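Undergrad: These protein sequences, in sequence, are chains A and B. If you count the first sequence from 1, position 36 lands on 223 in the working numbering, and the numbers rise without skipping. If you count the second sequence from 1, position 106 lands on 293 in the working numbering, and the numbers rise without skipping.
Where hints are given, some of them may not hold.
Stated by the list, open to error - In silico EDC-like pairs for lysine to aspartate or glutamate, Cα to Cα no more than 20 Å straight-line:
| hint | chain 1 | residue 1 | chain 2 | residue 2 |
| --- | --- | --- | --- | --- |
| 1 | B | Lys237 | B | Asp223 |
| 2 | A | Lys237 | A | Asp270 |
| 3 | B | Lys237 | A | Asp196 |
| 4 | A | Lys237 | B | Asp223 |
| 5 | B | Lys252 | B | Asp270 |
| 6 | A | Lys252 | A | Asp270 |
Unchecked claim - If we take Cβ atoms under 8 Å as the criterion, some of the chain B residues that face chain A in the derived model are:
| hint | residue |
| --- | --- |
| 7 | Leu195 |
| 8 | Ala203 |
| 9 | Pro205 |
| 10 | Gly217 |
| 11 | Leu219 |
| 12 | Val268 |
By construction, these hints were calculated from the structure, which means they are not laboratory data. Note that the structure is a prediction, hence the values are computed from the model and not measured. Where a beta carbon is used, it is the ideal one built from N, C-alpha and C, also for glycine.
2 protein chains.
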Amino acid sequence: MAQYSAQLDEVFVALADPTRREVIRRLGRGPLSVSDLGGAFPMTLPSFMKHIRTLESTGLIRTVKSGRVRTCVLNRERLAVVDSWLAEQRRIWEERTDRLESFVTDPKENHP
Amino acid sequence: MAQYSAQLDEVFVALADPTRREVIRRLGRGPLSVSDLGGAFPMTLPSFMKHIRTLESTGLIRTVKSGRVRTCVLNRERLAVVDSWLAEQRRIWEERTDRLESFVTDPKENHP
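So here's chain A without its partners, still in its complex pose (with noise of 0.2 Å):
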């Protein structure tokens, strides 16, 4: 449960910036190299790496070297967290909902 919790904080942090969302959303058309990538981005190669250092430590995408060329590959498993945080939220309000339902429909059965 710590790590579920650690790994969220993680990914919502690099989430939370509009260059790395940008890379997510064109890393899921396919992969690609750090230099293509970078070059879509008003920025420095330095500024850019760090941007895709955290991307990397959070597990969101992997970076594979071959030669001189570092490929970027998407991780869309890690993104997964996410879900699964939003599912947990939605069943709760579910629950709510069925247990404000039942109070409607026949309060002294269920709150006696």
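Got chain A sorted already, so can you dock chain B onto it with the hints?
TA: Same frame as chain A, but now just chain B:
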């Protein structure tokens, strides 16, 4: 689009903290006073209030003061920006899968 991106920044930052996620989870069951909520967390009230203010300024919760009691209410709609963003990523992944499938099925027709 810039506004949507700024909203995502704010919401992801707000969600990147276990205390704030736990507040959202508890408020999913229904409104609670700040004192009822805060009692569950091992921190001082001023520290807890910082989290409440972050959640409020992001629009993830609303607070209403009545007499001496401040009540917190979850604003579920605000979490929808996260859903939208995830849905956009999935759409991109599916388009990619469709392209790969059409290439495998008939490479000449689709990629002359």
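Undergrad: What are the numbers of the hints that this structure violates, sorted from low to high?
TA: 2, 4, 5, 6, 11, 12
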